[in-house]
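> Spelled out, the chains give:
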Amino acid sequence: MNNETYTLSVNGTDMPVHDAWVGESLLYVLRERLGLPGAKGACEQGECGSCTVILDGEAVCSCLVMAAAAVGRSVATVEGLNPDGSLTDVQQAFVDEGAVQCGFCTPGLVVAVHHLLDSTPVPDAMQVKEALSGNICRCTGYGRIIAAVDRVVEVRKGSRA
Amino acid sequence: MTVASPATLGDAVDILGDGNDWHVLAGGTDLMVEVNFNHRHPRNVLSLARVAELREWRETPTSWEIGAGVTWARLESGPLAAALPALAEAARTVGSPQIRAAGTIGGNLGTCSPAGDGLPVLSALGASVVLRSAAGSRSVPFAEFMTGPKRSVRLPSELVTGVSIPKTEGWQGYSKVGVRNAMVISIASACLVIDRGSVRVALGSVGPTIIRATEAEAWLNGINAVPARAVNASVAREFGERVAQEARPIDDHRSTAAYRRHAVSVIASRLLEKGTRE
Numbered sequence: 000m001n002n003e004t005y006t007l008s009v010n011g012t013d014m015p016v017h018d019a020w021v022g023e024s025l026l027y028v029l030r031e032r033l034g035l036p037g038a039k040g041a042c043e044q045g046e047c048g049s050c051t052v053i054l055d056g057e058a059v060c061s062c063l064v065m066a067a068a069a070v071g072r073s074v075a076t077v078e079g080l081n082p083d084g085s086l087t088d089v090q091q092a093f094v095d096e097g098a099v100q101c102g103f104c105t106p107g108l109v110v111a112v113h114h115l116l117d118s119t120p121v122p123d124a125m126q127v128k129e130a131l132s133g134n135i136c137r138c139t140g141y142g143r144i145i146a147a148v149d150r151v152v153e154v155r156k157g158s159r160a
Numbered sequence: 000m001t002v003a004s005p006a007t008l009g010d011a012v013d014i015l016g017d018g019n020d021w022h023v024l025a026g027g028t029d030l031m032v033e034v035n036f037n038h039r040h041p042r043n044v045l046s047l048a049r050v051a052e053l054r055e056w057r058e059t060p061t062s063w064e065i066g067a068g069v070t071w072a073r074l075e076s077g078p079l080a081a082a083l084p085a086l087a088e089a090a091r092t093v094g095s096p097q098i099r100a101a102g103t104i105g106g107n108l109g110t111c112s113p114a115g116d117g118l119p120v121l122s123a124l125g126a127s128v129v130l131r132s133a134a135g136s137r138s139v140p141f142a143e144f145m146t147g148p149k150r151s152v153r154l155p156s157e158l159v160t161g162v163s164i165p166k167t168e169g170w171q172g173y174s175k176v177g178v179r180n181a182m183v184i185s186i187a188s189a190c191l192v193i194d195r196g197s198v199r200v201a202l203g204s205v206g207p208t209i210i211r212a213t214e215a216e217a218w219l220n221g222i223n224a225v226p227a228r229a230v231n232a233s234v235a236r237e238f239g240e241r242v243a244q245e246a247r248p249i250d251d252h253r254s255t256a257a258y259r260r261h262a263v264s265v266i267a268s269r270l271l272e273k274g275t276r277e
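Protein chains in written order, with numbering that gives the first Met the number 0: chain W, 0 to 160; chain U, 0 to 277.
For reference, chain W alone in the conformation it holds in the complex (with noise of 0.2 Å):
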């Protein structure tokens, strides 16, 4: 048997991994093993950024985390961002500039987003760009998911004056 059990730190819970194959990715166990969906998995290598969860503080591609290697490493996604499940000011931004079309790059752009201005909270435009550049999307042509970061911005500006 290669099977194992371990447990995993995710949004700050503890959650043991029952049974399962070392080898697979933090995406994978997430979404069939921990019940929380959504991660999304399109590219499996990297390249889309739908997978995307902060570990260690760090936005990473969680189908490049093997999962084994994840324990006592601490795993934020974007179930985690608001626990009560409203939506988060970048969440409602995204809604309300239109930056949601099919939706599934929105989780990872949403995590991205957050990522970007918790570390800097009045980006200039390329830093926008850079920080959503590992992140695919192939219906809006970004204009307005950056828009949906532009709203972010300009409000909480307002709310600290």
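Derived from the structure by calculation, the hints contain no laboratory data.
A virtual CB, placed ideally from N, CA and C, is assigned to each residue, including glycine.
Errors might be hidden in some of the hints.
What follows is a set of in silico ranges between Cβ atoms, one per label pair, in the way DEER data are often shown [said to hold, decoys possible]: (1) W/Ser85 / U/Arg276: 49 to 59 Å; (2) U/Ala80 / W/Thr4: 48 to 58 Å; (3) W/Gln91 / U/Glu33: 37 to 47 Å; (4) W/Asp95 / U/Glu237: 50 to 60 Å; (5) W/Thr12 / U/Gly77: 31 to 41 Å; (6) U/Glu168 / W/Asp55: 32 to 42 Å; (7) U/Arg137 / W/Gln91: 32 to 42 Å.
Covered by chain W, per the in silico footprint, the following chain U stretches (three or more residues, Cβ under 8 Å) [unchecked claim]: (8) 44–53; (9) 71–79; (10) 83–97; (11) 258–268.
Starting from the structure of chain W, add chain U where the hints point.
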């Protein structure tokens, strides 16, 4: 398949040397793609995620000592980027922010692809690769480290623990050609270093290994162009052509040999012009 996640370097090399055919896992950006697509079935995986000492770097009077676990994200800005601007330029071309947050310079050396973005920089800077096994450490000049596509002199019992990059005095720069600007594997790349008036140039993705264009270097250094800042457009063009003659590119799914040879000539020429102008 089993996964081991030791917390210290000593434990890591003890495990690696136990004869159980371990595959080393650093940032995962190469290995996990192969695992996800069933192209590789490692029997045992040694994860370096918990080995904090591999993520350290330090400056000595003569060199930069960079741990194998230092990520591209940490090389692309901050103090290391100021010290090693060509390596920072190469780091910024690696994948996406998500890839750069995970992928490491040690992983580049472990995979040892001719398209590894950091490798031409290590070659041109005259870096050495630090290898460690349970029996001890050794330092291998990059020129002797890489022996072919995804092949190196690293023994199965050895771990890449870092690189030692001698300090240079002068300009350094990196350039890469791909099918677009972001999230791309290189079709051709080059790093040019001017160290105390002498030029070194190393090429990526245009041969089975990283190639130092030593004959073009000797030609250029022989005409004493660099210290005199006498590099005009025709010298730069001839330098690029001479560099391209030393490339050994192939046709593959990413590009043709002819285009690679042309591209590496152009970027080598531009790097020389840029380096001697600034």
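> Of all the hints numbered above, which does this structure not satisfy? Sort the numbers upward.
2, 7, 9 and 11
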